[in-house]
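*Asks:* Okay, here's what each chain looks like letter by letter:
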Amino acid sequence: MQPFEYASPKTLKEALALLGGGWSDAAVLAGGTDLISLMKDEVMSPKRVVNIKEIAELKGISKTAAGIRIGALATVDEVLSNPLIRASFPALTEAARGVASPQIRNMGTFGGDLCQRPRCWYFRAGFGLIPRHEGKDLVAEGDNRYHAIFGNGPARFVSASSFGPALVALGAKIKLASPSGTREVDAEKFFLAPSSSDVREVDLKPNEILTEVIVPATAAKNATYEVRQKDALDWPLATASVALTMKGSTVASARVVLGHVAPTPWVSAEAAKAIEGKAVTAETAEAAGKAAVAAARPLSMNAYKVQIAAAAVKRALMAAAGVKA
Amino acid sequence: MAPALLEQPAQAQTPAGVLGPGAVPVTLTINGKPMKVSVEPRETLLDVLRNKLDLTGAKRVCDRGTCGACSVLVNGKVMYACTILAIDAQGKQITTVEGFALSGGRPHPVVQAFVNHDAQQCGYCTPGFVVAAKAFLDSNPNPTYEQVKDGLGGNLCRCGTYIGIRQAVLEAAKTMKGGSNA
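Those sequence lines, one after another, are chains F and H.
Each residue of the first sequence is one higher than the one before, starting from 1 at the first, in this note's numbering.
Each residue of the second sequence is one higher than the one before, starting from 326 at the first, in this note's numbering.
Quick caveat, the hints were computed from the structure, so don't treat them as lab data.
Accuracy of the hints is not assured; some may be wrong.
Said to hold, decoys possible - PhoX-like cross-link-like pairs, simulated, lysine-lysine; straight-line CA separation at most 25 Å:
no.	chain 1	residue 1	chain 2	residue 2
1	F	40	H	377
2	F	63	F	221
3	H	402	H	361
4	F	13	F	205
5	F	53	H	361
6	F	205	F	247
7	H	358	F	53
8	H	361	H	377
9	F	59	H	377
10	F	53	H	474
11	H	358	F	40
12	H	402	F	10
13	F	290	F	273
14	H	417	F	53
15	F	10	H	417
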């Protein structure tokens, strides 16, 4: 790890004043579960680290007129155990449960989950978001078993966020603050598929801090289903988050969002179309799962993810509708 | 070397509250005792415990917040010491395995249960498991086997002694309810 300056401001205003115009000027430290590893591997070597954990206004989970406000510093464990979230947004509770390490749940924050960098091993080895070396496309020609099965490139990493797909399905708003003011971004537009290694994979500028997320109140039935290789701490192979607006026992409208299959949470209009106007049964859910992966374009080593993604969609739909397998 | 390189460069004005990158004096509260130590901002709590404070119970294995060998309690919650900056740990109650493994010369019930169940092979992951198991039992005093499995999901044992570890934790739960070392 390279040396850096450190500050631990008590207010958002002070923290924003300590950030810079470039990514190498300063990095924001919350739970540290991503940043500290990135600094150890010298994938990021900021001149200054600004700890935001002492900033009270970024903490907490509360009910507001618009829905539920989740502060950037709410830990994964606080999300998992929060009764308001469990009652309205089981898609978020289940996403939190998928982070299957008590240590990471105690340390990692909601905002950090959204801003964490991709886990692509070429990126983590310093080859950038769109890794090339000696003329080779490292992902296409190398080991791509955990890479994307959707998207037109050039980015082939998968979005690492556990909460992203559920927030996109639920139509959440992400709030960002900079020295010049605040702005709000739809969760769906926050995640980006970069066209070069110089561009970030989220809509965040070096002088901004993600402050909170507003999940709008909804009657939509929602769920997340995650497939991992093992029960304990592991990255998902594929996930699906769904939000279903019901009319009686029929799905009036659906949002189906896959995770860990593309550089962003992947909205499947095809799966939504397949389930809309129907009751959720094992058969209709399976058909929607198949529709979700019809356009998948796996790489040389990850065709296995296609079936897993389809199963995740099927099971998330059944969980949301309360249909037993 | 050109003389210009030896001269102190003009320092940009450092904003108030900014520390480092050189060593900074800090006080860490470890196992109930305040300990003064000088750390660079980039030093992890794990490295400071092991290299500067002679507390080597927490182990450095993956050093990337994945394996659990460095587990410590921070304000009673289990965390990875390899992924906490020491400077960030000021003002918090840090408990290492040394802080509770022996109490009045007697092993903590979790430690005794690990011995009873031979819940290790090489033993390198054991202190991390003991810390994680204590934190788990503090908030889940009457767990099922499945809950123990989930509750220790942040620790790895490459020798594969999970079965013995889980049995030990179940036994410790019974012992601790018996009040021998609650």
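*Asks:* Next, verify each hint and record whether it holds.
*Replies:* Hints, one by one, checked against the model:
no.: 1; hint: 40(F) to 377(H); verdict: holds (19 Å)
no.: 2; hint: 63(F) to 221(F); verdict: holds (19 Å)
no.: 3; hint: 402(H) to 361(H); verdict: holds (23 Å)
no.: 4; hint: 13(F) to 205(F); verdict: holds (16 Å)
no.: 5; hint: 53(F) to 361(H); verdict: holds (22 Å)
no.: 6; hint: 205(F) to 247(F); verdict: violated (41 Å)
no.: 7; hint: 358(H) to 53(F); verdict: holds (24 Å)
no.: 8; hint: 361(H) to 377(H); verdict: holds (10 Å)
no.: 9; hint: 59(F) to 377(H); verdict: violated (33 Å)
no.: 10; hint: 53(F) to 474(H); verdict: violated (30 Å)
no.: 11; hint: 358(H) to 40(F); verdict: violated (29 Å)
no.: 12; hint: 402(H) to 10(F); verdict: holds (23 Å)
no.: 13; hint: 290(F) to 273(F); verdict: holds (12 Å)
no.: 14; hint: 417(H) to 53(F); verdict: holds (13 Å)
no.: 15; hint: 10(F) to 417(H); verdict: holds (16 Å)
Hint compliance for this structure: hints 6, 9, 10, 11 are broken, all remaining hints hold.
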